[in-house]
Amino acid sequence: MDAFLHQLLSGLANGGIYASLALALVMIFQATHHINFAQGEQAMFSAYVALTLIQAGLSYWAAFVIALGFAFVSGLAIERILIRRFDGAPVLSVVVVFLGLWFVINSVAGWLFTYNVQAFPTPFPDQLGSRFLSAHEIGMIAMTLMTLALVFVFFRFTPLGLAMRAAAQNPEASRLVGIRVGWMLALGWGLAGAVGAVAAIMAAPIVYIEPNMMAGILLYGFAAALLGGINNPWGAVIGGLLVGIIENIAGAYVVGTELKLSVALVIIVVVLVTRPAGLFGYPVVTRV
Amino acid sequence: MAAAMHTSKYAAPARARWRTAAMVLLLLAAALVPLVVSSFHLLQLTMVVNYAIALLGLNILTGYNGQISLGHGAFYAIGAYATAILLERTGIPYWATIAIAGAICLLVGFLFGLPALRLEGHYLALSTFALAVATPQLLKFRGVEKWTGGVQGTIVPSFAAPFGLPLAWDQWLYLFSLAIAVVLFVVARNLLRGATGTAIIAIRDHPVAAASMGIDVAMVKSLTFGVSAMYTGIAGALSALVTQFVSPDSFSFLLSLSFLVGSVIGGAASISGAVFGALFIEFVPNFADQISKAATAAVYGLFMIGFMVLMPSGVAGFLALVAARVRAWWR
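The listed protein sequences derive, respectively, from chains A and B.
Heads up: the first sequence runs through residues 556 to 843, numbered per my numbering.
Heads up: the second sequence runs through residues 49 to 379, numbered per my numbering.
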């Protein structure tokens with residue numbers, strides 16, 4: 556029983572990471588109806604920025620804040636410089652642009668920081684650990700919850716958050732009441748970048764840092780977002796936690812680590828086939 | 049006005065005739081290639097032919113029918129493994145294994161297309177991507193190791209050119225692939241130009257209207273999935289003969305992604321686009337490697353982004369646009 560509880564809770568901790576990344580994906584999807592395949596790579600790059608600063612002698616939290624700032628600015632810049640050119644372009648072209656970005660960021664990271672696998676420090680003291688979870692896992696869950704709470708408060712209770720929601724929901728009307736829609740989209744990209752960076756920095760002590768560290772996590776985040784319903788931020792978070800648990804339990808008890816990824820994905824596909832809009836999403840209704 | 053109608057009425061068949069003549073000449077030139085290039089370049093060109101077949105399959109599904117697939121590498125793998133296993137375990141001649149591989153992929157694709165009916169857009173993309181990610185893991189799986197050769201993979205034998213032709217195996221294989229490609233391209237063109245093709249495109253553009261016109265949307269979509277998988281599977285089977293070796297890691301999800309990239313960059317809703325896309329995914333990575341050894345993938349990525357900035361509807365779409373401009377200017 557203890558072993559089972561351990562698997563369940565550590566699945567929950569991993570799920571937090573997937574939830575953060577899924578939230579970043581949903582934020583961009585809601586504003587632009589695109590899935591940002593390069594989200595994981597942007598996050599990985601920010602984690603490298605944090606690591607470089609820590610190695611240069613900065614304290615963990617100072618490096619953390621600067622890396623988040625970097626993630627925000629680079630996300631914003633990518634939207635302003637590249638993505639907005641493809642406003643109204645065919646979906647497939649945009650997908651290819653995202654894949655191109657993935658290759659570019661991944662390769663530049665390998666070039667600047669090498670492909671060597673490196674350890675990443677954790678800021679949480681060992682005393683925090685318990686029988687079921689390590690100190691880092693507990694800290695990770697706390698950080699995830701805090702991020703989600705901040706995002707919720709920002710969108711629910713601040714005028715800027717309201718303006719961003721308006722711009723995503725009804726660009727024309729928002730423009731008429733004086734909201735600068737283009738900048739709101741760019742801000743959304745920046746925020747999504749920062750949320751993704753939190754996920755990568757929290758995941759790095761567990762999976763170790765290397766340019767391909769986010770490939771698996773992005774896939775799970777993508778799956779989490781779709782499982783929960785791509786148009787529902789809360790669904791994405793619950794989807795993330797579910798995927799984390801399914802992945803860990805299936806890996807420990809059903810098929811072993813070899814087929815872990817396949818089984819998790821099969822379960823997700825089965826869920827999608829029975830509920831095509833995801834567990835908490837609503838079906839998109841279009842006018843004929 | 050009358051004159052314009054007159055010319056357009058008679059210009060079309062003349063233009064078609066010129067186009068056919070140009071195609072035949074191009075094909076003749078392509079068929080003579082083995083006589084003049086080195087065996088390494090011949091291998092590259094054979095892969096271009098294979099990729100073109102695979103991309104044509106993806107174009108039929110994604111470009112014409114509107115179903116996004118990020119998992120066509122899986123069908124490529126099934127085709128390759130079907131040929132490898134049949135050649136190792138049975139006495140079936142190699143050319144027949146390709147037909148069998150195609151038939152297997154047709155069936156698997158059709159069956160995969162049935163649940164895919166319920167999924168659209170990004171959801172379908174995820175499901176097919178799951179297929180792509182699972183493929184190498186499933187091929188390595190211990191339960192099927194007896195057949196697939198597990199992590200090590202399986203060696204595919206080579207044969208002599210038939211009819212006593214004075215050609216090496218790789219030269220013959222190039223011509224053989226080219227001949228299959230020509231047949232498959234002509235079949236695809238006729239399929240897409242005919243009533244079935246109109247139904248396939250109508251479902252992409254307006255599923256509700258297509259259904260009210262009496263088109264069996266579910267059947268056409270599943271069959272399109274099957275035909276698309278068959279094309280890609282045949283390409284995979286040929287690739288097994290070309291590389292003379294199959295192993296799980298040559299069918300990673302990156303293969304599926306590069307198929308999608310090739311399809312979109314060539315021009316997804318076109319037949320000729322498959323050829324341009326195949327040239328892109330075969331040669332641009334090498335070219336990127338020559339530009340920068342340190343950040344090859346970055347250069348490749350920049351090429352992808354650059355192509356999309358300059359030609360959002362792919363090379364084929366761009367060329368069609370140029371041709372239309374030239375024609376307008378000529379008149």
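Each hint should be verified, as a subset may be incorrect.
[Claimed, not checked] Now the in silico label distances, taken between C-beta atoms and shown as ranges: (1) A:E727 with B:N238: 32 to 38 Å; (2) B:R190 with A:P831: 43 to 49 Å; (3) B:A151 with A:V828: 41 to 47 Å.
[Said to hold, decoys possible] 20 Å max Cα-Cα, derived SDA-like pairs, lysine to any residue: (4) B:K194 with B:P205; (5) B:K194 with B:S295; (6) A:K815 with B:I133; (7) B:K194 with B:D297; (8) B:K341 with A:V809; (9) B:K341 with A:S817; (10) B:K341 with A:Y670; (11) A:K815 with B:V199; (12) B:K341 with A:W666; (13) B:K194 with B:I249; (14) B:K341 with A:N671; (15) A:K815 with B:Q185; (16) B:K341 with A:V663; (17) B:K188 with A:S817; (18) B:K194 with B:A208; (19) B:K341 with A:G806; (20) A:K815 with B:K188; (21) A:K815 with A:A770; (22) A:K815 with B:D297; (23) B:K194 with B:L239; (24) B:K341 with A:N767; (25) B:K188 with B:K341; (26) A:K815 with B:P205; (27) B:K188 with A:E727; (28) B:K188 with B:T202; (29) B:K188 with A:V809; (30) A:K815 with A:G771; (31) B:K188 with B:Q200; (32) B:K188 with A:W666; (33) A:K815 with B:L186; (34) A:K815 with B:G198.
[Claimed, not checked] Only some residues are given here: those of chain A computed to face chain B with a beta carbon under 8 Å: (35) A644; (36) V651; (37) L654; (38) L816; (39) I823; (40) V828.
What the hints contain is simulated information worked out from the structure, not anything from laboratory work.
Quantities reported herein were computed from a predicted structural model and do not represent experimental measurements.
Glycine included, every Cβ here is placed at the ideal spot set by N, Cα and C.
Structure-based check of each hint:
1. Distance hint for E727 of chain A and N238 of chain B: a CB-CB separation of about 45 Å, inconsistent with the stated range 32 to 38 Å.
2. Judged by the Cβ atoms, the range 43 to 49 Å given for R190 of chain B and P831 of chain A is violated: they are separated by roughly 34 Å.
3. At roughly 26 Å, the beta-carbon separation of A151 of chain B and V828 of chain A lies outside the given 41 to 47 Å, and the hint is violated.
4. Of the supplied pair hints, the one linking K194 of chain B and P205 of chain B holds, its CA atoms being roughly 18 Å apart against a limit of 20 Å.
5. Restraint check for K194 of chain B and S295 of chain B: the C-alpha separation of about 13 Å stays at or below 20 Å, so the hint holds.
6. Under the criterion of a C-alpha separation no larger than 20 Å, the hint pairing K815 of chain A with I133 of chain B is inconsistent with the structure, at around 27 Å.
7. For the hint pairing K194 of chain B with D297 of chain B, the CA-to-CA distance comes to about 17 Å; that is within 20 Å, so the pair holds.
8. A distance of roughly 43 Å separates the Cα atoms of K341 of chain B and V809 of chain A; the hinted pair therefore is violated under the 20 Å criterion.
9. At most 20 Å may separate the alpha-carbon atoms for a hinted pair to count; K341 of chain B and S817 of chain A exceed this at roughly 34 Å.
10. A hinted pair counts as satisfied when its Cα atoms are at most 20 Å apart, and K341 of chain B with Y670 of chain A qualifies at roughly 14 Å.
11. Only pairs whose Cα atoms come within 20 Å are accepted, and K815 of chain A paired with V199 of chain B is accepted, the gap being roughly 17 Å.
12. Of the supplied pair hints, the one linking K341 of chain B and W666 of chain A holds, its CA atoms being roughly 10 Å apart against a limit of 20 Å.
13. Under the criterion of a C-alpha separation no larger than 20 Å, the hint pairing K194 of chain B with I249 of chain B is inconsistent with the structure, at around 43 Å.
14. Restraint check for K341 of chain B and N671 of chain A: the C-alpha separation of about 17 Å stays at or below 20 Å, so the hint holds.
15. For the given pair, K815 of chain A sits about 9 Å from Q185 of chain B by alpha-carbon distance, which is consistent with the 20 Å threshold.
16. The suggested pairing of K341 of chain B with V663 of chain A holds, with an alpha-carbon distance near 12 Å, which does not exceed 20 Å.
17. Taken as a hint, the K188 of chain B and S817 of chain A pair is honoured in the structure, with Cα atoms around 12 Å apart against an allowance of 20 Å.
18. Restraint check for K194 of chain B and A208 of chain B: not satisfied, since their Cα atoms lie roughly 28 Å apart, outside the 20 Å limit.
19. Restraint check for K341 of chain B and G806 of chain A: the C-alpha separation of about 38 Å exceeds 20 Å, so the hint is violated.
20. Between K815 of chain A and K188 of chain B the alpha-carbon distance is near 13 Å, which keeps this suggested pair within the 20 Å criterion.
21. Among the hinted pairs, K815 of chain A with A770 of chain A is consistent with the structure: their alpha-carbon atoms are about 15 Å apart, no more than 20 Å.
22. Our distance criterion of 20 Å between C-alpha atoms is met by K815 of chain A and D297 of chain B, whose separation comes to about 17 Å.
23. Restraint check for K194 of chain B and L239 of chain B: the C-alpha separation of about 39 Å exceeds 20 Å, so the hint is violated.
24. Distance hint between K341 of chain B and N767 of chain A is fulfilled; the C-alpha atoms sit about 18 Å from each other, no more than 20 Å.
25. Between K188 of chain B and K341 of chain B the alpha-carbon distance is near 31 Å, which puts this suggested pair outside the 20 Å criterion.
26. Note on K815 of chain A and P205 of chain B: the hinted pairing is violated, with a Cα-Cα distance of about 34 Å set against a maximum of 20 Å.
27. About 52 Å separates the Cα atoms of K188 of chain B and E727 of chain A, which puts this hinted pair outside 20 Å; it is violated.
28. Taken as a hint, the K188 of chain B and T202 of chain B pair is honoured in the structure, with Cα atoms around 12 Å apart against an allowance of 20 Å.
29. For the proposed pair K188 of chain B and V809 of chain A, the alpha carbon gap of about 17 Å is at most 20 Å, so the pair holds.
30. With a C-alpha separation of about 11 Å, the suggested pairing of K815 of chain A with G771 of chain A holds against the 20 Å cut-off.
31. About 9 Å separates the Cα atoms of K188 of chain B and Q200 of chain B, which keeps this hinted pair within 20 Å; it holds.
32. Pair hint K188 of chain B plus W666 of chain A does not hold up; C-alpha atoms about 31 Å apart against a cutoff of 20 Å.
33. Taking the CA atoms of K815 of chain A and L186 of chain B, the gap is near 11 Å; set against the 20 Å cutoff, the hint holds.
34. Between the alpha carbons of K815 of chain A and G198 of chain B the distance comes to roughly 17 Å, so the proposed pair stays at or under 20 Å and holds.
35. Interface restraint check for A644 of chain A: the shortest CB-CB distance to chain B comes to about 5 Å, inside 8 Å, so the restraint holds.
36. Restraint check, V651 of chain A versus chain B: the minimum CB separation of about 5 Å is within 8 Å; hint holds.
37. A cut of 8 Å between beta carbons decides the hint on L654 of chain A: the least distance to chain B is about 6 Å, and the hint holds.
38. A least Cβ separation of about 6 Å between L816 of chain A and chain B falls short of the 8 Å threshold, and the interface hint therefore holds.
39. Using the Cβ-Cβ criterion of 8 Å, the hint placing I823 of chain A at the interface with chain B is satisfied: the shortest such distance is roughly 7 Å.
40. The beta carbon of V828 of chain A is positioned within 8 Å of a beta carbon in chain B (closest approach about 5 Å), and the interface hint is therefore held.
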